[in-house]
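Residue numbers (the UniProt record's numbering), protein chains in the order written: chain A, 1 to 224; chain B, 1 to 261.
Treat the hints as calculated values from the structure; they're not laboratory data.
All C-beta atoms in this analysis are idealised placements derived from N, C-alpha and C, irrespective of residue type, glycine included.
Don't take each hint at face value.
As the list claims (entries may be wrong) - Below 30 Å or equal to it, Euclidean Cα-Cα: the simulated BS3-like pairs (lysine-lysine) are:
id: 1; chain 1: B; residue 1: 151; chain 2: B; residue 2: 82
id: 2; chain 1: B; residue 1: 135; chain 2: B; residue 2: 151
id: 3; chain 1: A; residue 1: 223; chain 2: B; residue 2: 129
id: 4; chain 1: A; residue 1: 218; chain 2: B; residue 2: 82
id: 5; chain 1: B; residue 1: 111; chain 2: B; residue 2: 175
id: 6; chain 1: B; residue 1: 129; chain 2: B; residue 2: 175
id: 7; chain 1: B; residue 1: 111; chain 2: B; residue 2: 129
id: 8; chain 1: B; residue 1: 82; chain 2: B; residue 2: 135
id: 9; chain 1: B; residue 1: 175; chain 2: B; residue 2: 130
id: 10; chain 1: B; residue 1: 129; chain 2: B; residue 2: 151
id: 11; chain 1: B; residue 1: 130; chain 2: B; residue 2: 111
id: 12; chain 1: B; residue 1: 151; chain 2: B; residue 2: 175
id: 13; chain 1: A; residue 1: 223; chain 2: B; residue 2: 111
id: 14; chain 1: B; residue 1: 130; chain 2: B; residue 2: 151
id: 15; chain 1: B; residue 1: 151; chain 2: A; residue 2: 218
id: 16; chain 1: A; residue 1: 223; chain 2: B; residue 2: 135
id: 17; chain 1: B; residue 1: 82; chain 2: B; residue 2: 111
id: 18; chain 1: A; residue 1: 223; chain 2: B; residue 2: 151
id: 19; chain 1: A; residue 1: 163; chain 2: A; residue 2: 89
id: 20; chain 1: A; residue 1: 223; chain 2: A; residue 2: 163
id: 21; chain 1: B; residue 1: 130; chain 2: A; residue 2: 223
Stated by the list, open to error - Cβ-to-Cβ under 10 Å is the rule here; a few derived chain A residues that face chain B:
id: 22; residue: 126
id: 23; residue: 131
id: 24; residue: 141
id: 25; residue: 184
id: 26; residue: 185
id: 27; residue: 186
What the hints assert, rightly or not - Pair by pair, the computed Cβ-Cβ distance ranges are:
id: 28; chain 1: A; residue 1: 204; chain 2: B; residue 2: 55; range: 56 to 64 Å
id: 29; chain 1: B; residue 1: 126; chain 2: A; residue 2: 24; range: 56 to 64 Å
id: 30; chain 1: B; residue 1: 126; chain 2: A; residue 2: 12; range: 33 to 41 Å
id: 31; chain 1: B; residue 1: 83; chain 2: A; residue 2: 51; range: 29 to 37 Å
id: 32; chain 1: B; residue 1: 131; chain 2: A; residue 2: 139; range: 16 to 24 Å
id: 33; chain 1: B; residue 1: 29; chain 2: A; residue 2: 48; range: 22 to 30 Å
id: 34; chain 1: B; residue 1: 146; chain 2: A; residue 2: 28; range: 37 to 45 Å
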Amino acid sequence: MFDFLDSGQYDLLGAFWVTAQLALYSAIGSLVWGTVLTAMRVSPVPLMRGFGTAYVNVVRNTPLTVVIVACSFVLDQTLAITLGGEDFKETGFRLAVLGLTAYTGTFVCEALRSGINTVPAGQAEAARALGMSFTQVLTAIVLPQAFRAAVTPLANVIIALTKNTTVAAAIGAAEAALLMREMIENEAQALFTVFALFAFGFIVLTLPTGLILGWAAKRLAVKR
Amino acid sequence: MSEVSASKDHEDAPRSQADLVVLSGVNKHFGALHVLQDIDLTIGRGEVVVVIGPSGSGKSTLCRTINRLETIDEGTITIDGKPLPAEGRELARLRSDVGMVFQSFNLFAHKTVLENVMLGQIKVRRTEKKAAETKARALLERVGVAAQAEKYPAQLSGGQQQRVAIARALAMGPKVMLFDEPTSALDPEMINEVLEVMQQLAREGMTMVVVTHEMGFARSAADRVVFMADGRIIEQATPEEFFSNPRSDRAKDFLSKILHH
Numbered sequence: 001m002f003d004f005l006d007s008g009q010y011d012l013l014g015a016f017w018v019t020a021q022l023a024l025y026s027a028i029g030s031l032v033w034g035t036v037l038t039a040m041r042v043s044p045v046p047l048m049r050g051f052g053t054a055y056v057n058v059v060r061n062t063p064l065t066v067v068i069v070a071c072s073f074v075l076d077q078t079l080a081i082t083l084g085g086e087d088f089k090e091t092g093f094r095l096a097v098l099g100l101t102a103y104t105g106t107f108v109c110e111a112l113r114s115g116i117n118t119v120p121a122g123q124a125e126a127a128r129a130l131g132m133s134f135t136q137v138l139t140a141i142v143l144p145q146a147f148r149a150a151v152t153p154l155a156n157v158i159i160a161l162t163k164n165t166t167v168a169a170a171i172g173a174a175e176a177a178l179l180m181r182e183m184i185e186n187e188a189q190a191l192f193t194v195f196a197l198f199a200f201g202f203i204v205l206t207l208p209t210g211l212i213l214g215w216a217a218k219r220l221a222v223k224r
Numbered sequence: 001m002s003e004v005s006a007s008k009d010h011e012d013a014p015r016s017q018a019d020l021v022v023l024s025g026v027n028k029h030f031g032a033l034h035v036l037q038d039i040d041l042t043i044g045r046g047e048v049v050v051v052i053g054p055s056g057s058g059k060s061t062l063c064r065t066i067n068r069l070e071t072i073d074e075g076t077i078t079i080d081g082k083p084l085p086a087e088g089r090e091l092a093r094l095r096s097d098v099g100m101v102f103q104s105f106n107l108f109a110h111k112t113v114l115e116n117v118m119l120g121q122i123k124v125r126r127t128e129k130k131a132a133e134t135k136a137r138a139l140l141e142r143v144g145v146a147a148q149a150e151k152y153p154a155q156l157s158g159g160q161q162q163r164v165a166i167a168r169a170l171a172m173g174p175k176v177m178l179f180d181e182p183t184s185a186l187d188p189e190m191i192n193e194v195l196e197v198m199q200q201l202a203r204e205g206m207t208m209v210v211v212t213h214e215m216g217f218a219r220s221a222a223d224r225v226v227f228m229a230d231g232r233i234i235e236q237a238t239p240e241e242f243f244s245n246p247r248s249d250r251a252k253d254f255l256s257k258i259l260h261h
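Excised from the complex, chain B in its bound form (with noise of 0.2 Å):
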């Protein structure tokens, strides 16, 4: 399976103090379908971690996985050193750390832009309504769509409401921060919008795991690239060496097919 696993050995390795997301021989299935196979991961503290490959690869079901959203058959998931809980209180607090942004945004559909930023910290941060309001505002601005607070989702572009989304995850002050094909369902001319808030957040030292289709985005911003296909991690590198110089074939066929043309 590994031409490259950077993390092969971290089981024996005492945990370094900068490991935030560790993943251990995770294996899940659908039905027949063994969508990760043996997937061991470590991701440090602030660094941005981008995941490719062909659709069908398993790169989205790993990134939810690591708060749960799906759960798996084998292996272990810790983030800041804390085993990944079953459910209940216990999950609920721990999903409160890592902010997840989906491709199809997911806004709430009945509250307004500002409702949606503030809600994740009222509900579960029981911050106080005017304190949230201030977060929230500042939040938007950062994304560049406070214009747009009292609105409802349905009346922003897909742009804008992805920025929202990142705004809503950031209210909670993650840890980590997920992105699960952020711009595949944008319009081509509204995606460079949010990979500039991303490419922001990632300067400003967030710690990301970036599952996307958009290479230059790979290229400039991740410090390293995971390469996935047929549901196991089959190379990782910098961008630079990954892109220049792929070791692997599968790695070599998808690059061939996704750069010239």
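Looking at chain A on its own, in the form it has when it is part of the complex (with noise of 0.2 Å):
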């Protein structure tokens, strides 16, 4: 059953290796990239708020295929802003993490809004009583709790994104989904076991994921 994969043709760990790559870097900057953009939509600058909000409203409501394949035929093809790739794949890699990041971003940002929902307004109130900053207080008191109370919603964010960098093979990243499409067509006798091994890769992947985030929701949770 498994026999097409003895030929040496594909390298099956190899793209869910890229995969994983993609989903961690553009997890890191999606975390980053929504925290910068909490801070925006809470300021107490209107220009700030609300090129939170326009940018939160303009990409989480546009397909994330339009997202990355802008990113490739925009930023590279047409503007030439490369990112430094040395060859075809490596700069769809990264065009892909940035198109990751500005995506998922905005739904980082929306969880984080909620779990500062969570955080009562005295404890803000009683950080600016002792003369903190607006910075001061979100980094110091309002973020921290927020992050614990949102674990589990970002927990569903980054198994998204994880399942979303398949998204990446339509710019030509060396990804999990881009070798997929190359099984299939090559292998149509084995589509089944072809499928169903791209499934079992994206659950090691996410399952651990979920089960860890999970374990820390409970772990961080702030109490009351």
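Since each chain sits alone in its own frame, please combine them into the complex, following the hints.
Pasting the structure below:
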């Protein structure tokens, strides 16, 4: 059943390794970008709030394929902003990380904002009464508690992100979905096996993510 | 409005060196509700002022305007001769000189008791960690919760949490302490331990504004009682005078309701 894998023609582990890297870099990127967006959306400066709100609502409601393909066609091919990749696949990988970060950051932002809503107003008030600045109140008091409350929705976002990496195949990043397409073409006789193989591969990536973050959510919960 | 207004003429008189907090002509609305109406109040250095009155009379709001947790629509508030800045760094600096104790304690839930008392010193006063910890432990000792230093707020009783909150405010070395109904969320048996800490502070000469329903505390610790109703200051007097011989009907009515049962 798996004999077509023995040919050495397909680098299955290599493809999933690229998927895992895509997910990891994009997760880090979107957590950072999402936090920045959150800070903008709760900031007292109207311009920042306006930008944050507009960005989240535009990007969140744009299909990921459009975001990623736009990264490739607009940034790379039209504006020649190449992000320094050495070859086509490397360039595709970097652009995919950028697109996934830009897109997933909006979901991180909204998960964090729901986390902020669980922090009683008195916490920020007490911090302000001590003389802390807006940035200090946010970084020392509100966000740490918001993150702890948002671990479960953030786990959802990370799992969705891991599966969304498949869209990167559209711009030639050498990840799992690209290999799957190739296998489907070449190994039509083993169609179900190929599907099962890739489904299993993604479960291997996402199930532990969910379990670890589920455990972390309980562990980190703020007792009130 | 004013059957008594001890501070009525303060705008004409030169500002006394002793005046620490001065509110004049303060007005505030919550939508259609006029919560603070022409408030004139002067608090001297080292004075303990207790604000009492029926709920909804605006006393908590009054307390919160003094460090601008509530903004005001009209009037001026000065602290130590400086007008309250609108926002930004100046306001933060001023707030660091005004200690605040809340009804619901508001200890930082994700920090230990010790960290709660250290945080303001480190972030705002830029104190070194070592010095901040020494001071924090000394203050926790003073309010009687030194043994709980490594615990989280949720592991403490309400009375202990409120005493930590007082230590947290004191760590900033405030010029004045605001207490917004500090014992209202406490079980009866814990009220005294908090009041004792406050009594001690009062004896040590701390300037205090205390919004409370604890008439015993008002009698024993206050230099002056301010009675508020419907957003106005109705009467202010020494505790002996106020409790034995209230002049306004509103105050007589209020006292008869709370004292006779």
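- Task: Determine which of the earlier numbered hints do not hold for this structure and return their numbers in increasing order.
- Result: Going through the list in order, the structure violates hints 1, 4, 17, 20, 25, 26, 27, 29 and 30 and respects the others.
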